[in-house]
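Protein chains in written order, with the numbering used here: chain A, 1 to 142; chain B, 1001 to 1431.
Bear in mind the hints are in silico, worked out from the structure with no lab data behind them.
Please read these numbers as outputs of a predicted model, since none were measured by experiment.
Hints are not guaranteed to be accurate.
[As the list claims (entries may be wrong)] In silico DMTMM-like links for lysine to aspartate or glutamate, alpha-carbon gap of 25 Å or less: (1) B:K1023 / B:E1082; (2) B:K1423 / B:D1398; (3) A:K59 / B:E1416; (4) B:K1428 / B:E1390; (5) B:K1064 / B:E1263; (6) A:K59 / B:E1411; (7) A:K12 / B:D1360; (8) B:K1408 / B:E1388; (9) B:K1371 / A:D37; (10) B:K1163 / B:E1222; (11) A:K59 / A:E10; (12) B:K1408 / A:E61; (13) B:K1413 / A:E60; (14) A:K59 / B:D1347; (15) B:K1413 / A:D78; (16) B:K1408 / A:D40.
[Stated by the list, open to error] Footprint (simulated), chain B over chain A, 3 or more residues, beta carbon under 8 Å: (17) 3–9; (18) 36–44; (19) 54–64.
[What the hints assert, rightly or not] Here are a few chain A residues that sit away from chain B, every Cβ distance over 10 Å (derived from the structure): (20) V75; (21) E90; (22) E104; (23) D118.
Backbone N, C-alpha and C define an ideal beta-carbon position, used for all residues, glycine too.
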Amino acid sequence: MVKQISVFLENKCGRLVKVTQVLGKHNINIRALTIADTSDFGILRIIVDQPEKAHQVLKEEGFIASETEVIAIEVSDDPGGLAGILSYLEEADVNIEYLYSFVEKPAQDALILMRLEDNEKGVEALKKNNVKIIEGERIYSL
Amino acid sequence: MWNPKYEAMEKEQLEKLQFLRLKNTLERVNTMVPHYRELFKKEGIEPGDIKSLSDLSHLPFTYKDDLRDHFPFGLFTTDLGEVVRIHSSTGTTGIPTVVGYTQNDLNVWSEIMARALVSAEGSKDSVIHIAYGYGLFTGGLGVHYGAENIGATVIPISGGQTKRQVRMIRDLGSTLLACTPSYAIFIAETIEEMNLSPEELQLQSGLFGAEPWSTNMRGLIEEKLNINAYDIYGLSEIIGPGVSSECPAKDGLHIPEDHFIAEVIDPNTGEALPDGSTGELVVTTITKEALPMVRYRTRDITSLKREKCSCGRTHVRMEKVSGRSDDMLIIRGVNVFPSQIESILLDIGETEPHYQLVVDRVGSMDTLEVKVEVSEEMFSDRIRGMEELENTIRREIDNILGISAEIKLVEPKTIERSEGKAKRVIDKREF
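Model the full structure from these sequences, guided by the hints.
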């Protein structure tokens, strides 16, 4: 599992900048980032090299942040690559809360990060189908 | 004038009458209500000590909480056999405020409402369209009995179904409209929407109350409906609508002094203030039977004027209410205390919530936005979780207060604080 930091952001100018400044100031490197938003607010989800430290400094700076475990998998960068994996989850009847992806340099494969309704059950289904689950350490140190 | 004998009574005679009635009321509550008896005893005062009207200021106050603490009938001076009517607040804070009337109380109420309607151009030839809510709320029935008392034709339509209201006003030739000022504007807008003009209606005047409204709003109502708009004030603890109302001079609201004694006090020290000073209105009822009130703290901010009015009435006038001495808000006619929102948020968020109520008026409608600082406990990394949080807050406010609110989740420490305390209310409306 990979530790993801989620931060509550109001939809107004300068909030994302502030988060990145705080992380930069503490030498924390962002590996992947995504924002889910509504018209009023957004939830920033980031994967960083030092999740605990990131969580702590963001809290100290007054942000509402939480740590969530997400699953990281490698998907071959071919048509239908993701579809194959998602079908395993469907068969196992595991819902996806959200997912996002990034490309690992200089590798060929894409990395998918996802939060499932039931992470344990999802991991089990993926493993059974020989999908490679990537450990947090590897992502943090990319 | 409906009743010149009393409404234009010479000051000296009026004060004699007030004193006599005050003595009766004090004897009555002292004999019949343990709460008052104990209170007077504690203050070391007896009804007999009151030798003039000015001695009234030695008496202790009565608060809304006293009514709640003695829920439901503990402050009544009659048994229920004598009580012919009950009205009640909605009880949004848990315990409703229950008030009762004997037949004589209803007669007094319909007398003072008759005076209010006549000073707002009502007569037996009027067709009075009453769009105040009927039921436990005192607005509808209060105006109703006054309107029947003056022999007008009464249309007890109550609130809602505004297009139908407009058709009734047109088809039945209503001449006097009684409702809240914001509903009057809504009716005016509906008239425009229906491509009608005020010239096609018979409306001449309106009696508007139950919520604060500005002079600007009066101008707007008068222009849009082409009528004279009069202010009426009241609260159920005293009797309901009619505790004061405007005359054609539109220079303050006359308080029927043969039934009530009005004072203005400093809300912080409780000290009685001289006429003309702004402070909290305190009312003593001197003819009420079922539920007399001694020095009731209305929490409404106003000032008193005793100069004779150009209309000929001798009774004291109060300024339009300009605010509250507590933090109560009236939003779409609903009484809202910030503490109620706070307890809802406490139930949801578990820790001390930081929030702010932003009240505004868009067209004729009051709007309420509740800003809530997201806490660790509330935060979820799923959008769905956060939207559920918003929905829960909205639903609880609607359930408990009966008012729809817009919920805005904000980051911690973003709500403006003064001396460390968050500013709880921003009221952008003009009164």
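We went through each hint and held it up to the structure:
no.: 1; hint: B:K1023 / B:E1082; verdict: holds, 22 Å
no.: 2; hint: B:K1423 / B:D1398; verdict: holds, 23 Å
no.: 3; hint: A:K59 / B:E1416; verdict: holds, 20 Å
no.: 4; hint: B:K1428 / B:E1390; verdict: holds, 23 Å
no.: 5; hint: B:K1064 / B:E1263; verdict: holds, 17 Å
no.: 6; hint: A:K59 / B:E1411; verdict: holds, 12 Å
no.: 7; hint: A:K12 / B:D1360; verdict: holds, 22 Å
no.: 8; hint: B:K1408 / B:E1388; verdict: holds, 13 Å
no.: 9; hint: B:K1371 / A:D37; verdict: holds, 18 Å
no.: 10; hint: B:K1163 / B:E1222; verdict: holds, 20 Å
no.: 11; hint: A:K59 / A:E10; verdict: holds, 16 Å
no.: 12; hint: B:K1408 / A:E61; verdict: holds, 22 Å
no.: 13; hint: B:K1413 / A:E60; verdict: holds, 12 Å
no.: 14; hint: A:K59 / B:D1347; verdict: holds, 24 Å
no.: 15; hint: B:K1413 / A:D78; verdict: violated, 47 Å
no.: 16; hint: B:K1408 / A:D40; verdict: holds, 7 Å
no.: 17; hint: 3–9; verdict: holds (count 4)
no.: 18; hint: 36–44; verdict: holds (count 6)
no.: 19; hint: 54–64; verdict: holds (count 3)
no.: 20; hint: V75; verdict: holds, 22 Å
no.: 21; hint: E90; verdict: holds, 19 Å
no.: 22; hint: E104; verdict: holds, 23 Å
no.: 23; hint: D118; verdict: holds, 14 Å
Checked against the numbered hints given earlier, the structure breaks only hint 15 and satisfies all the rest.
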